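All chains, full assembly: derive it from the sequences and hints.
If you read the protein sequences in the order shown, they are chains A and B. Residue numbering for the first sequence follows our numbering, beginning at 1 and increasing consecutively. Residue numbering for the second sequence follows our numbering, beginning at 281 and increasing consecutively.
Think of the hints as simulated: they come from the structure by calculation, not from any bench. It is possible that some hints are incorrect.
Claimed, not checked - Each computed EDC-like pair below joins lysine to aspartate or glutamate, with the alpha-carbon atoms no more than 20 angstroms apart:
no.: 1; chain 1: A; residue 1: LYS193; chain 2: A; residue 2: ASP173
no.: 2; chain 1: A; residue 1: LYS273; chain 2: A; residue 2: ASP173
no.: 3; chain 1: A; residue 1: LYS273; chain 2: B; residue 2: GLU420
no.: 4; chain 1: B; residue 1: LYS358; chain 2: B; residue 2: GLU420
no.: 5; chain 1: A; residue 1: LYS178; chain 2: B; residue 2: ASP366
no.: 6; chain 1: A; residue 1: LYS193; chain 2: B; residue 2: GLU391
no.: 7; chain 1: A; residue 1: LYS273; chain 2: B; residue 2: GLU426
no.: 8; chain 1: B; residue 1: LYS532; chain 2: B; residue 2: GLU522
no.: 9; chain 1: A; residue 1: LYS114; chain 2: A; residue 2: GLU124
no.: 10; chain 1: A; residue 1: LYS178; chain 2: B; residue 2: GLU391
no.: 11; chain 1: B; residue 1: LYS532; chain 2: B; residue 2: GLU543
no.: 12; chain 1: B; residue 1: LYS358; chain 2: B; residue 2: GLU391
no.: 13; chain 1: A; residue 1: LYS178; chain 2: B; residue 2: ASP361
no.: 14; chain 1: B; residue 1: LYS532; chain 2: B; residue 2: ASP515
no.: 15; chain 1: B; residue 1: LYS532; chain 2: B; residue 2: ASP512
no.: 16; chain 1: B; residue 1: LYS358; chain 2: B; residue 2: ASP446
no.: 17; chain 1: B; residue 1: LYS539; chain 2: B; residue 2: GLU522
To be verified - Far from chain B, by Cβ distances over 12 angstroms, these chain A residues were calculated:
no.: 18; residue: GLY85
no.: 19; residue: ARG113
no.: 20; residue: ASN228
Owing to the predicted nature of the structure, the values given are computational and were not obtained by experimental measurement. Quick reminder that beta carbons are idealized off the backbone N, C-alpha and C, glycines included.
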Amino acid sequence: MTTYAQVPTVLAEPVTHHVETSRFSLKTVLGSTFKNTAVLVVFFGLWQILPKMGVINATFVPPFSRVVAAWWGLLRNGELLSAVGASLERSMTGFGLALIIFIPLGLLIGWYRKLGVFLNPLLELCRNTAALALIPVFILTLGIGQVSKISVILYACAWPVLLNTISGVRSVDPLLVKSARSMGLRPLRLFQKVFLPAALPTIFTGIRLAGATSILVLLAAELQGATNGLGFLINVSETNFQIPQMYAGILTISIIGLSFNMILVRLERHFSKWRGSTNS
Amino acid sequence: MTVKIQLRGVTREFDVRPTGKNKRSTQVFTALSDINLDVRSGEFLVVVGPSGCGKSTLLDLLAGLTTPSAGEILIDGKPVDGPGLDRAIVFQQYALFPWRTARANVEFGLEAQGKTRSTRSERRARAQEYLSLVGLDGFEGRYPHELSGGMKQRVAIARSLAYEPDILLLDEPFAALDAQTRESLQDELLRIWRHTGKTIVFITHGIDEAVYLGQRVVVMTSRPGRIRSIIDIPDFDASPDEDVRSGVEFVKYRHEIWKLMREDNSLDAPARSRGADTSSLESIRHTLGDVWESQSDDLVRARR
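Right, dumping it as structure tokens:
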């Protein structure tokens, strides 16, 4: 048991699990939809009214309707779609590569304890180095093009994925391992049949966090030296004083982040539906 | 009757991580000392003992999860070489895989046998059969968190029976259940035992449970764990609506075991009053036993 308790606390990333207390019913869905959107209605309402009334300077914060009009314009002339396409390509490539590389690596580190002990100081150092701080480094070493941007996203996505995967593998209930061992499971099968499924919800938490990160970091990466993408669109609009277009870009990125997160939350719930309100 | 399990001078020691000032010197903790025991084929054997008598260690040894420091364990005359599907364990905390439904949990052991042994539909049918045996028809699609403690333990029993081991090892399987559920599961286990003819080694700290279930009861003493005495328990003839546990014979055996355990315990706590009402004393002992047992077991596990 001690061996499992030795997971360094620093590795225990914010592991939050969504616990479903009850199944969805129509009533709760409608109720929660109202609760979730009421505040947004108020927010966008104020955004519309306050600049119109002159409470907020409409030059810097144009009314919401003008932002929507600008958004529609950008959508019609195809600028928005190409920007979204370029941004998503970067985000998803970085995010996808992070999953492909760091889930297996996390499984290895979680499984081979000595490797984890050896690597831990380096992981701690890297994890606490903000990806944004490294943007100049990536640009210096990898140039101003696509590679450096994707690398920044990859780097930022790596840590939640890696650390959650490691902690998922390490925090498997020792009793389950004992039970499976008593049925004669060899290490490889034990890994496949016990460690992997037990770690899956924690791994998915890491994936969800990485998903959010991939969108957040994308913008920062595109603000410097990009020639397309949403970050570029926002930046250029600001420089050209096309304020409604700037807000349209910002809103788009929010919507993308929100949708992506929702998809990942759904997936996460699907893979952890066996987690009830209590343990096993 | 043939002998199924033989224990010959089995000793199990653990290195205790040193605490306090002398951190250099490792101490050795003897969990089990010189255990000699034959378990007959098809027998229902109960091991009862106070905290720290190494009951759970004994079970781990039988399961092949750990190896003896000295002595040997033979099953059908062959030394135990690691875990195997000829033995199954039922744990106090169920140890069900929470991501698997009741049926998939029962199928786990069958999958462990390997794909060559059974097809998917055979495994499914077998799981269903054993879930029925433990009275869980209609619950096969439930996840463990959707089941009560008693039902979880039924699933665990079904799982251990499904791959048809010769020996069933139960480690205080009913200790976490309420009294009523415990009694019904005890009867269920007896029924399954008569039905299947398995060799059962059942570990408990409850004297009533030991006398009720066992054909023979092994009484152990603690620190180090040794066998103090082995007691044959007769069949208590009683009609179904009669309370066996309050019969004269039953109480006599219970008292005998209780005395054996108390004599051992009084070495630890000589100050305990001797003339007190036995039943209340026993209930105190039970309660204390629970606490000690769980703590010392955790300690022993932590030392591994």
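Hints and how they fare:
This hinted pair checks out: LYS193(A) and ASP173(A) have alpha carbons roughly 13 angstroms apart, not beyond 20 angstroms. Restraint check: the Cα-Cα separation between LYS273(A) and ASP173(A) comes to about 18 angstroms, which is no more than 20 angstroms; the hinted pair holds. At most 20 angstroms may separate the alpha-carbon atoms for a hinted pair to count; LYS273(A) and GLU420(B) meet this at roughly 16 angstroms. At most 20 angstroms may separate the alpha-carbon atoms for a hinted pair to count; LYS358(B) and GLU420(B) exceed this at roughly 37 angstroms.
Proximity of LYS178(A) to ASP366(B) is assessed by CA-CA distance (about 16 angstroms); at most 20 angstroms being required, the pair is judged to hold. With a CA separation close to 10 angstroms, the supplied pair LYS193(A) and GLU391(B) stays within the 20 angstroms bound. Between LYS273(A) and GLU426(B) the CA atoms are separated by roughly 11 angstroms; this keeps the pair inside 20 angstroms, and the hint holds. Restraint check for LYS532(B) and GLU522(B): satisfied, since their Cα atoms lie roughly 17 angstroms apart, inside the 20 angstroms limit.
As the CA atoms of LYS114(A) and GLU124(A) are separated by approximately 16 angstroms, the hinted pair is consistent with the 20 angstroms bound. Taking the CA atoms of LYS178(A) and GLU391(B), the gap is about 17 angstroms. The hint holds against a cut of 20 angstroms. At most 20 angstroms may separate the alpha-carbon atoms for a hinted pair to count; LYS532(B) and GLU543(B) meet this at roughly 17 angstroms. Using a Cα cut-off of 20 angstroms, the hinted pair LYS358(B) and GLU391(B) is violated, with the two alpha carbons roughly 25 angstroms apart.
Of the supplied pair hints, the one linking LYS178(A) and ASP361(B) holds, its CA atoms being roughly 16 angstroms apart against a limit of 20 angstroms. Proposed proximity of LYS532(B) and ASP515(B) is supported: the alpha carbons are some 14 angstroms apart, at most 20 angstroms. At most 20 angstroms may separate the alpha-carbon atoms for a hinted pair to count; LYS532(B) and ASP512(B) meet this at roughly 13 angstroms. Note on LYS358(B) and ASP446(B): the hinted pairing holds, with a Cα-Cα distance of about 14 angstroms set against a maximum of 20 angstroms.
Among the hinted pairs, LYS539(B) with GLU522(B) is inconsistent with the structure: their alpha-carbon atoms are about 26 angstroms apart, more than 20 angstroms. The non-interface label for GLY85(A) is consistent with chain B: the shortest C-beta to C-beta separation is roughly 38 angstroms, beyond 12 angstroms. With a least beta-carbon separation of about 15 angstroms from chain B, ARG113(A) lies farther than 12 angstroms from that chain, consistent with its non-interface assignment. The non-interface label for ASN228(A) is consistent with chain B: the shortest C-beta to C-beta separation is roughly 43 angstroms, beyond 12 angstroms.
Checked against the numbered hints above, the structure violates hints 4, 12 and 17; every other hint is satisfied.
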